[in-house]
Amino acid sequence: MMAPGRRSSTFTRLLRHGFTDPSASERLLDGPELSPVRDDPFLLEALGATADPDLALHGLVRLLEAQPSPAARRELLDTLIAAKPLRDRLLGVLGASAALADHLARHPRDWEALVTYEPRDLHPGVEEFERGLAEADDPVRLRVAYRRCLLSIAARDVCGTTDVAETAAELADLATATLRAALRLAAADAPDDAALCRLAVIAMGKCGGHELNYVSDVDVIFVGEAADGADEDKALRAATKLASHMMRICSETTVEGSIWPVDANLRPEGRNGPLVRSLSSHLAYYQRWAKTWEFQALLKARPVAGDLELGAEYVAAVGPLVWKAAERENFVVDVQRMRRRVVENIPASEIDRELKLAPGGLRDVEFAVQLLQLVHGRADGSLRSGTTLDALRALAAGGYVGRADATQLDDAYRFLRSMEHRIQLYRLRRTHLVPESEADLRRLGRSLGLRTDPVTELGREWKRHAAVVRRLHEKLFYRPLLDAVAQLAPGETRLSPKAARERLIALGYADPAAAMRHLEALASGVSRKAAIQRTLLPVLLGWFADSADPDAGLLNFRKVSDALGKTPWYLRLLRDEGAAAENLARVLSAGRLAPDLLMRAPEAVALLGDGDGGRLEPRARGPLEQEILAAVRRAGGAVQAVTAARGVRRRELFRTAAVDIVGSYGTEGQPAEADQGALVDLVGGAVSDLTAATLAGTLHAVVREGWGDDLPTRFAVIGMGRFGGHELGYGSDADVLFVHEPQDGVDEREAADAANKVVSEVRRLLQIPSADPPLLVDADLRPEGKSGPLVRTLKSYEAYYRRWSLVWEAQALLRAEPVAGDEELGRRFIALADPLRYPANGLSEEAVREIRRLKARMESERLPRGADPKLHTKLGPGGLSDVEWTVQLLQMRHGASTEGLRTTRTREALAAARDAGLIGQEDAATLDEAWVLATRVRNAVMLVRGRAGDTFPSDARELVAVGRYLGYGPGRVGDMLDDYRRTARLARGVVDELFYGG
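754 is the number that this note's numbering gives to position 184 of the sequence shown; each next residue is one higher, with no gaps.
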C-alpha cells in the first residue's frame, strides 16, 4: 500500500508525458478496458505524443467500451500495441478531435479504416473517396461514410503524413466525392427530373480552389441545360429540384448530424437569383451586370459533379471574362475596399481572436494573391490556379512577387491554416476564432508541435506570422514595381516593363510610363536614401492608388523628395512616425492646393508627423498671432515683416488643408470624420483665425514703419461677411470695414490721412506677388460701397447709419466682428451696430419686402451665364445664399428679443432659432445639412483645383476628386450630384416657406 501523501510512479509518468489530470487518467488506465496493456511502455509514450493526452485516453476508453464483444476489444488492443502506424493515427485523432472520438464511439468498427497503410492510402484522391462513399444509399449512411473518410484524412494530418496543403486538397476531394454521391441520391429519388436535364455543379471558394477546411460551407454554382429533346423551362425546373435536393442531403441534420452546408449564394444575383441558370444566362449576367468581386470569386471555379462536360464548357466560357476583370474602372480600389469592408464588419469583441478575416489573417493573403492573379493572369497563363499557395509560387517564379516575400507569406499562410484546421477539428464546428481557454490553447499549441510552453509559444508564433502577413499583403502588390527599376539581389526575377505597366494601369495611373520614371528616380541606386524609399514606396503607392489622381500623388512625392531628399530628418520622419507617411500621401494626391502650398516650403512636411503623440490639428488664434507678431518685430522693415507674416499664413493654410484632407479621407488608424459640420467649422474657424492674425501682424508692421508707436489715430479692422462669421474658405477674400478715431488733440485731417495710408499699405503689402498666396482685403461692404471712403471715423459711421443706412447695410452688419487693431474701438463699433442689425421692434413689413426683392434680384442677375442653378453652391436654389438670408431674416426680426440669435455665425444662429421655436427641428436640420454640404463642396473645389469655384468641376478627374473628399467612392460621382440636388431641393422648400412665405 502506498504511503499517504506520496504519488504513484504512474502519476509521475503521466505528468511527464503531458497529462493535465493525471489522477483521472490513472483511474482510466487502471480500469478493466486497459488493464491488459496498462504497463505497455509504447502506449503511454504514444498518448504523450498527442495534442491532448487526457482527451486521447478518454476517447480510447470510450472506443473500447463501445466494441461489440470481448473479442473485438482484444482485436483492437492487440492491433494498437503491435502496429505503430495504427497506434499513432488512432491516438493522434483521439487526442485532437472530440467530435471524431464521438463518431468512433457510435461506430466502433470504423477504427479499422485507419489500419490500412499502403501507398495509395497515403494520398487518396476523388476516386478513392468515391469508393469509400459508394455503398451509401441514403443521407444517413452518407454521413457515416463521410465521417469515416474524414477520419482517415485527420489521421494523416495529425501524424504529419500530409502537410496542411495536402490535407486541404484531400478535404476538397472528399467534398467532390460527397457532392457526387448526394447528387446521385437526389437523381435516384427523382429519375424523371434527372432525365430531363443536364446539371453541372461548379465548386467555388475553397472547395473550388482545392484548399478546403475541415468544416466549411461548400460554395457552388449550378449550371443547367435541357437534355436532348426536352423543353428548356421544364429542364431548368427539374434541374432546380435536383440541385435543391442535393443541397438538403448535405446540409440537413439527421441522427448522424450534418455534413456541411452547401452555399449557392455566389451565383448571379445571389440569393435573389434563380438557383440554376443556363450557360447562356450565366454569360449574359457576367457580361452586363457582374461586379468586380464576382470575377474574383470565379478564379476558383471548378466543375466537380454532375455533367462534367457542361461544367467544363462553363469554365471555358467565363474564363476570358475573369481575366478581363482587371481592365474594369477602379478595379484595384474595388478589391481593396471590399477587403476593408470585411474587416470593418468584424465585431469588436472578436477581432483580436479572428484568424481568417482580421488584419494579418488568412483573407489578407488570399486577397493579395487573387489581386495579382487578376492583374497579370491576363497575359500569363501560369498564374491561373485556384489554389492560393500554387498561385503564390507561380507569382514568385514569374517575378510578380519577390521570392523572399513569397517564402515568408507561404510559411505564414501554412501556419495560420494549420491553426484553423486544428481549431475546427476539435469539435468539427465551423469557426475561425482562436479559443480563449487555457486548455484549448494548450491542445492547439501541442497539435502544432509546440511542446515546451504551448500556450506562450502559440501566442508568439501566431503574432509573428500575422505581423508578416500584415506587413506583406500590401507590399506584395507594390514592391515589384520598384524592383522593376531598382537593383535586385542576384537570381531575383525582375517584373517586366509590360507587367509593371499593367499593374500601374490597374492601380489607376493614367500615365504609367511617367510613373515608372518617377519610381526609377526615387528608388534606384544603392544609397541609403534609395533604400529607405524602396521601403516606403510600396505602401505609399497603395495610398496614392486610393485617391482620385495617383499620378499627381506620385509626381508630388517626387518633387517633395527632390527638395528634401538630402535633409536627414525627412525620410526618417516618414519611416519612423506612423502617421506622417500616410498623411503625406493623402495630402499629395487629394488635389492642387495643398501640394502647391507645400512645394513653396517643403519643410512644412514636418507638420504631418506624430510629434509627441498629438493629433494633426490647426493652431489657435492666440499662439498664431504671437508667432506672427514676433516675426514682424524681428524683421527689418514692413515688406520683410509682412513677407514673414505671409510665410506663416502659407504654412498654416497647409496645416489646415492637411487636417481637412486627412479628416475627410480617413487613415488606417483614424476613420474619416463622420460629422461633416465639424470639418466645416474647423476649416472656417482656422482660416478666419489665420486671416485675423495675419492682418494684426501686417497692421503692426505698417504702423511701426510709418509712425513708430504713435499712430495719430486709433484704428480697428472689423471683419464682415464670412470673415466676421468665422466661415472663411481656402479661397475667400477678407471682407472688412476700417474704422478710426483721432487721438486726443490730433487734427482730423491728419488722422484721416494716416488712417488711409495704413489701409492702402496693408492692402498693398498683402497682395505683393510672391511665393506666398495673396490675401485680398475687400472693403466693398462699407457705407456707399465702392463710392464711399475706404476708412471712416466712428462718428462718421454713426451719422451715416442714422441718416442714410439701407436695409442691406444693416443686414451686412449681422456679420460684423472686430478682428484686429484697437480692441476698445472695435467694441464701440459693435455697440453702434447692434441696434441696426437687431432692431428693437423687429423689421417692418416694408423692410422684409425689400430684403426679399434684393434676394430675388441677386438670384436672377448674379448667377453666371451657363451655370446650372441646381448645382451652384452659392446662388443656386438651396445654396449658401438661400440658407444665410433665411437665417439672417430671422436674426433681424427676433435678434433683439432672443439672445442666442445675436451671433455672426450661421450655424449657431440657426441652432438658436430652432431652440427658440422660430423654426422646426426638421427644417433646421434640412437647412444646416444644405449649408454644410455647399460649404464642403466649395472647400473641395478649392483643394482640388487650386482656385475657388462655386460649382462642381467639369473635368472628370477633378469631379471624382471632389467626390472622394466628400466621401463618395469610385464610380459614385452620379450619386454625389444626385445627393446634392436632393439636399438643395429640400432646403429650397424650407426657404420658400420661411423666407418668401413667412
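Since the hints were derived computationally from the structure, they do not count as laboratory data.
On a predicted model such as this, the values are computed, not experimentally measured, just so you know.
There's no promise every hint is true.
[What the hints assert, rightly or not] PhoX-like, lysine-lysine: derived pairs with alpha carbons at most 20 Å apart:
1. 1440 x 1425
2. 1425 x 1444
3. 1356 x 1327
[What the hints assert, rightly or not] Label-pair distances were calculated between CB atoms; the ranges are:
4. 710 x 686: 31 to 41 Å
5. 1084 x 1133: 48 to 58 Å
6. 1067 x 843: 35 to 45 Å
Every residue, glycine too, gets a C-beta built ideally from N, C-alpha and C.
Here's how the hints hold up against the structure:
1. 1440 x 1425: Holds, at roughly 17 Å.
2. 1425 x 1444: This hinted pair holds, its Cα atoms lying about 12 Å apart.
3. 1356 x 1327: 17 Å, holds
4. 710 x 686: 31 to 41 Å: At 25 Å between Cβs, range violated.
5. 1084 x 1133: 48 to 58 Å: 19 Å, violated
6. 1067 x 843: 35 to 45 Å: 42 Å, holds
The structure fails to meet hints 4, 5 from the earlier list, while all remaining hints are met.
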